[in-house]
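Produce the complete structure using the sequences and hints provided.
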Amino acid sequence: MKVRQGYDLPPDKERLLRRTIRLEWISMFFSLTIVITVYLTMGSSQAMKMALFEDLLAFVPPAVFLLAMRVRKRSPDEKHPYGYSRAILLAFLAAAVAIVMFGLFMLVDSASSLLKREHPSIGHFQLFDWPYEIWAGWIMIGALVYAMIPPVVLGHMKMPLAKALHESTLYADADMNKADWMTSAAAIVGILGIGLGFWWADAVAAAVISLDVLKDGVTHVRKAMFNLMDQRPTETVGDKPLGLEEKIAESLLREPDIEDVVSRLREEGHVIGGEIFVVLAPGQTNVARRVQEIAEQACTLDWRLYDLIVMPVETIER
Amino acid sequence: MPLAGLIRSALPLGLMLLILTLQGCDHWPADPRDSLTTAIERGTLKVGVVANPPWVKITDPEAPTGLESQLITEFARELGMTVDWRTGGVEEQIEALKSFELDLLIGGFTAANPWKAEVGNTFPYYTERVLIGSRGTPPSAIDGQTIAILPDTNLAPQLRKHNAISEIHETLADSPNPVATAQWRLSGMGFASSSLELLKHKHVLLTPPGENALLMELERFLFRNRNQQQLATRLWQEAQP
Numbered sequence: 078m079k080v081r082q083g084y085d086l087p088p089d090k091e092r093l094l095r096r097t098i099r100l101e102w103i104s105m106f107f108s109l110t111i112v113i114t115v116y117l118t119m120g121s122s123q124a125m126k127m128a129l130f131e132d133l134l135a136f137v138p139p140a141v142f143l144l145a146m147r148v149r150k151r152s153p154d155e156k157h158p159y160g161y162s163r164a165i166l167l168a169f170l171a172a173a174v175a176i177v178m179f180g181l182f183m184l185v186d187s188a189s190s191l192l193k194r195e196h197p198s199i200g201h202f203q204l205f206d207w208p209y210e211i212w213a214g215w216i217m218i219g220a221l222v223y224a225m226i227p228p229v230v231l232g233h234m235k236m237p238l239a240k241a242l243h244e245s246t247l248y249a250d251a252d253m254n255k256a257d258w259m260t261s262a263a264a265i266v267g268i269l270g271i272g273l274g275f276w277w278a279d280a281v282a283a284a285v286i287s288l289d290v291l292k293d294g295v296t297h298v299r300k301a302m303f304n305l306m307d308q309r310p311t312e313t314v315g316d317k318p319l320g321l322e323e324k325i326a327e328s329l330l331r332e333p334d335i336e337d338v339v340s341r342l343r344e345e346g347h348v349i350g351g352e353i354f355v356v357l358a359p360g361q362t363n364v365a366r367r368v369q370e371i372a373e374q375a376c377t378l379d380w381r382l383y384d385l386i387v388m389p390v391e392t393i394e395r
Numbered sequence: 326m327p328l329a330g331l332i333r334s335a336l337p338l339g340l341m342l343l344i345l346t347l348q349g350c351d352h353w354p355a356d357p358r359d360s361l362t363t364a365i366e367r368g369t370l371k372v373g374v375v376a377n378p379p380w381v382k383i384t385d386p387e388a389p390t391g392l393e394s395q396l397i398t399e400f401a402r403e404l405g406m407t408v409d410w411r412t413g414g415v416e417e418q419i420e421a422l423k424s425f426e427l428d429l430l431i432g433g434f435t436a437a438n439p440w441k442a443e444v445g446n447t448f449p450y451y452t453e454r455v456l457i458g459s460r461g462t463p464p465s466a467i468d469g470q471t472i473a474i475l476p477d478t479n480l481a482p483q484l485r486k487h488n489a490i491s492e493i494h495e496t497l498a499d500s501p502n503p504v505a506t507a508q509w510r511l512s513g514m515g516f517a518s519s520s521l522e523l524l525k526h527k528h529v530l531l532t533p534p535g536e537n538a539l540l541m542e543l544e545r546f547l548f549r550n551r552n553q554q555q556l557a558t559r560l561w562q563e564a565q566p
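Line order of the protein sequences matches chains A and B.
Just so we're aligned, residue 78 is where the first sequence starts under the numbering used here, counting upward by one.
Just so we're aligned, residue 326 is where the second sequence starts under the numbering used here, counting upward by one.
Wrong hints could be hidden among the right ones.
Below, computed lysine-lysine pairings styled on BS3-like, alpha-carbon distance capped at 30 Å [claimed, not checked]:
(1) A/Lys324 to A/Lys150
(2) A/Lys255 to A/Lys292
(3) B/Lys486 to B/Lys527
(4) B/Lys486 to A/Lys193
(5) B/Lys525 to B/Lys382
(6) A/Lys255 to A/Lys90
(7) A/Lys193 to B/Lys382
(8) B/Lys441 to B/Lys486
(9) B/Lys525 to A/Lys193
These are calculated hints, taken from the structure and not from any lab test.
Just so we're clear, the structure is a prediction, and the values are computed from it rather than from any experiment.
Listed below in structure tokens is the structure:
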């Protein structure tokens, strides 16, 4: 038995992963075009500023994901006997904390412009000081409509991949993308409000956007923290347990020489590891070989299961 | 897909709502404090002036002259208004503009003004370029040269950066050395200007914060009156004593 073995995805998942990586690069490209468009048109609108920040934050999950994909490929080594698969969770936690801080900053900024009763001035559209005979608000709305479309489409494409690959970072990214159109819509409402003469509409829209960013951040922090705290394996979407413990027990109890089984599993990034405690029937001649067989058998039950340790015990108390 | 359904049902509704509200108002975008409508009904435009020749000259506080004062008088006349001029210090005037006591504020302000986030700024209607010029062929480099400048300018440090020596003259027209001054003054004096640009000032007019109908109306006026050549000629005329 080899103690430090690397983990390879099954070939079908590997294909999905390559597609996901391509999708994340496309995502980054669109984020870049959106940021440039919004930046060039934002003027003095508070809501546009917040939409710009939100679009900038949209870089974080794909960047973390792509970075982690490089790190996690490394096999376990002497210094890191458990491998690098958790790097992604750590990076994700850091990114999520950054998003929370940024959301707070955005909220304070918009609330203060509301309290200071700042009236946003929006005149004719200017590109690099060159004026055009059109209200800048219309151009902003155009930019925001553009900012709505790619994230929603990409979010819907990423969601099934996140489920299939068991990637919580990818799921968080897809979820953020899917909800992104609402922040653009809020900014559009804010600008239409300015057009109608409601100076506060802009700042209120900005506050709504920052609340959404804050909500995203808090969700991600919770998810990353629970995973790092060895929560039992759950589905990437929602908090439903995967039920792998029951699956293992069911399969192993069918073996005539196993009297009792209980397992303790945890997520290590996209893979799941842990211990299986078994009570073997008395009279086993080669316990060492049998235990190895049981471990191999358990690992075949789900593609995510990896590096399970089987521990023979006398009795299991419940 | 529920999202597409949502958009499909919300879009016509939103458009109808938008058209309904648009019909109900005179201006798009509207003024939250109705500055434009109130001024037109009152028949006077309250304009703050800060002395800054040749943009604004206050020889008579009742009738300031200068390029911007003239432009505003024309703007008010087009809308059937007279101008109620208010003189005062810059900060006092900015405060008055921020509290909607004034409809406009002029005084040779540029796009780099420190209040740009607090009040409304028009687009830059005139770009003043400070160039090196001379009678005859202007120099292409000014390293080590003596350059004549007018008093009360901030050009001396700029010239030092180019390793040139600045010399203050009351008038530039008879200077034997190359001069550094605004392009409109160079062409007014009949000097040739080089492409050496020392400074660039983008001139703007100030409006009350968020009064977008007024801002748009003024900018529409500026669109019609922003021929740089004509403005340069007018500036030269205003600069004559």
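Hints breached by this structure: Per hint list: 4, 7, 9 violated.
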